[in-house]
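Turn these sequences into a full structure, and let the hints steer you where they fit.
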Amino acid sequence: MTLIETVEASAKRLQDAGVAFGHGTTNAFDEAAWLVLWQLGLPLDDLDGVADMAVSPEQADSIDELIAERIATRKPAAYLTREAWLQGVPFYVDERAIVPRSFIAEVLVDGDIDTWLSESTTNVCDLCTGNGSLAVIAAMVFPDVVVDAIDISAEALAVARINVDKHGLHERVHLIESDGLAKARGPYDLILCNPPYVNAQSMAALPDEYKAEPSLALAGGADGMDFIRALFKDAPAKMSEKAVLILEIGNERENFENAFPRLEVVWLATSAGDDQVLLIARDTLLAFPHRP
Numbered sequence: 120m121t122l123i124e125t126v127e128a129s130a131k132r133l134q135d136a137g138v139a140f141g142h143g144t145t146n147a148f149d150e151a152a153w154l155v156l157w158q159l160g161l162p163l164d165d166l167d168g169v170a171d172m173a174v175s176p177e178q179a180d181s182i183d184e185l186i187a188e189r190i191a192t193r194k195p196a197a198y199l200t201r202e203a204w205l206q207g208v209p210f211y212v213d214e215r216a217i218v219p220r221s222f223i224a225e226v227l228v229d230g231d232i233d234t235w236l237s238e239s240t241t242n243v244c245d246l247c248t249g250n251g252s253l254a255v256i257a258a259m260v261f262p263d264v265v266v267d268a269i270d271i272s273a274e275a276l277a278v279a280r281i282n283v284d285k286h287g288l289h290e291r292v293h294l295i296e297s298d299g300l301a302k303a304r305g306p307y308d309l310i311l312c313n314p315p316y317v318n319a320q321s322m323a324a325l326p327d328e329y330k331a332e333p334s335l336a337l338a339g340g341a342d343g344m345d346f347i348r349a350l351f352k353d354a355p356a357k358m359s360e361k362a363v364l365i366l367e368i369g370n371e372r373e374n375f376e377n378a379f380p381r382l383e384v385v386w387l388a389t390s391a392g393d394d395q396v397l398l399i400a401r402d403t404l405l406a407f408p409h410r411p
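Using the numbering used here, the first residue of the sequence shown is number 120, and each one after it goes up by one.
Errors might be hidden in some of the hints.
[To be verified] Quick list of in silico lysine to any residue cross-link-like pairs, SDA-like style, CA-CA up to 25 angstroms:
hint	residue 1	residue 2
1	LYS131	ASP149
2	LYS330	SER297
3	LYS352	VAL385
4	LYS194	ALA273
5	LYS361	PHE407
6	LYS194	ARG215
7	LYS302	THR403
8	LYS194	PRO162
9	LYS302	LEU335
10	LYS361	ASP233
11	LYS352	ASN242
12	LYS194	ARG132
13	LYS285	GLU296
14	LYS302	PHE346
15	LYS194	SER321
16	LYS131	THR192
17	LYS352	ALA336
18	LYS131	ASP171
19	LYS131	THR145
20	LYS352	PHE222
21	LYS194	SER272
22	LYS302	ALA336
23	LYS330	GLU202
24	LYS352	TRP235
25	LYS352	LEU337
26	LYS302	PHE261
27	LYS131	ALA187
28	LYS352	ASP394
These are computed hints drawn from the structure, not numbers from a lab.
Okay, structure coming up:
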């Protein structure tokens, strides 16, 4: 078989098995291509260049085993390959941290928040850093800033340490174990936060691939807003005068607006739409009449 035939056959197996996607790919073909190319040690971004390559019986067997593992375990592919990519940047990941996929990475790389920043933006916080991907990308996009990467999970921070060191950013990205902002240093000119925001009903219905991730990083209480309520209360004290907070809430806009009626925010466009990521200025949080 050729490589493209192998990918197509693997995609059919994934599709027929009913596996769920969303951890770097959105469909069976892309996921099969990722796993096949990774298993053969080929570049993940050049399927067309190797599509007609012959796959040996030994290679085919190893691919079959990997696809079978993906189906049997229902683990995200990134946990099997120990690698995930975000905005073209490679990251190590394992079951100690959720697979990086935050849309905040898009707004950082695309410069969508630059209007709210200035030359005085030097101190950044990546709250709920997980495997450290947003902290690393922020440090890459803004070469003059220092980043505090904060998480409540010591295990997640151990994964983040691998990625900070992998990208040579140990002098500019500092890891802090903290429950929310309790041990944050501040004041920060920019806070990034992809918090646990999945509501309880959605948590109960998650596919197995998502249940393979640490629930601590996903579950946000009955309406998904528990962490965010505490964040809005604590954040102003850790923010500089002109600071802004970039917050990801996934598909929870309705719950967000019910929890924080009349709170003025700026919705930022991403590839998933304009209701996944929002921006809030410190002044807005201070003035909000119904602060939790």
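Results of checking the hints against the structure:
1. LYS131 <-> ASP149: Since the Cα atoms of LYS131 and ASP149 sit roughly 11 angstroms apart, the hinted pair holds (cutoff 25 angstroms).
2. LYS330 <-> SER297: This hinted pair holds, its Cα atoms lying about 24 angstroms apart.
3. LYS352 <-> VAL385: 19 angstroms, holds
4. LYS194 <-> ALA273: Distance ~22 angstroms between LYS194 and ALA273 Cα, so the pair holds.
5. LYS361 <-> PHE407: Distance ~16 angstroms between LYS361 and PHE407 Cα, so the pair holds.
6. LYS194 <-> ARG215: 13 angstroms, holds
7. LYS302 <-> THR403: Given pair LYS302, THR403 holds - Cα atoms ~23 angstroms apart, limit 25 angstroms.
8. LYS194 <-> PRO162: This hinted pair holds, its Cα atoms lying about 22 angstroms apart.
9. LYS302 <-> LEU335: Cα-Cα ~18 angstroms, so holds.
10. LYS361 <-> ASP233: 13 angstroms, holds
11. LYS352 <-> ASN242: Holds - the C-alpha atoms of ASN242 and LYS352 are around 20 angstroms apart, at most 25 angstroms.
12. LYS194 <-> ARG132: Within the cut-off at roughly 15 angstroms; holds.
13. LYS285 <-> GLU296: 20 angstroms, holds
14. LYS302 <-> PHE346: 16 angstroms, holds
15. LYS194 <-> SER321: 19 angstroms, holds
16. LYS131 <-> THR192: The given pair, whose Cα atoms are some 17 angstroms apart, holds under the 25 angstroms limit.
17. LYS352 <-> ALA336: 20 angstroms, holds
18. LYS131 <-> ASP171: 19 angstroms, holds
19. LYS131 <-> THR145: 14 angstroms, holds
20. LYS352 <-> PHE222: Holds - the C-alpha atoms of PHE222 and LYS352 are around 24 angstroms apart, at most 25 angstroms.
21. LYS194 <-> SER272: With a Cα-Cα distance of about 20 angstroms, the restraint between LYS194 and SER272 holds, given a limit of 25 angstroms.
22. LYS302 <-> ALA336: 18 angstroms, holds
23. LYS330 <-> GLU202: At roughly 19 angstroms apart (the allowed maximum being 25 angstroms), GLU202 and LYS330 satisfy the hint.
24. LYS352 <-> TRP235: 21 angstroms, holds
25. LYS352 <-> LEU337: Roughly 20 angstroms separates the two Cα atoms, so the pair holds.
26. LYS302 <-> PHE261: Given that 25 angstroms is the threshold and the Cα spacing comes to 24 angstroms, the pair holds.
27. LYS131 <-> ALA187: 12 angstroms, holds
28. LYS352 <-> ASP394: 22 angstroms, holds
Consistency note: the structure conflicts with none of the earlier hints.
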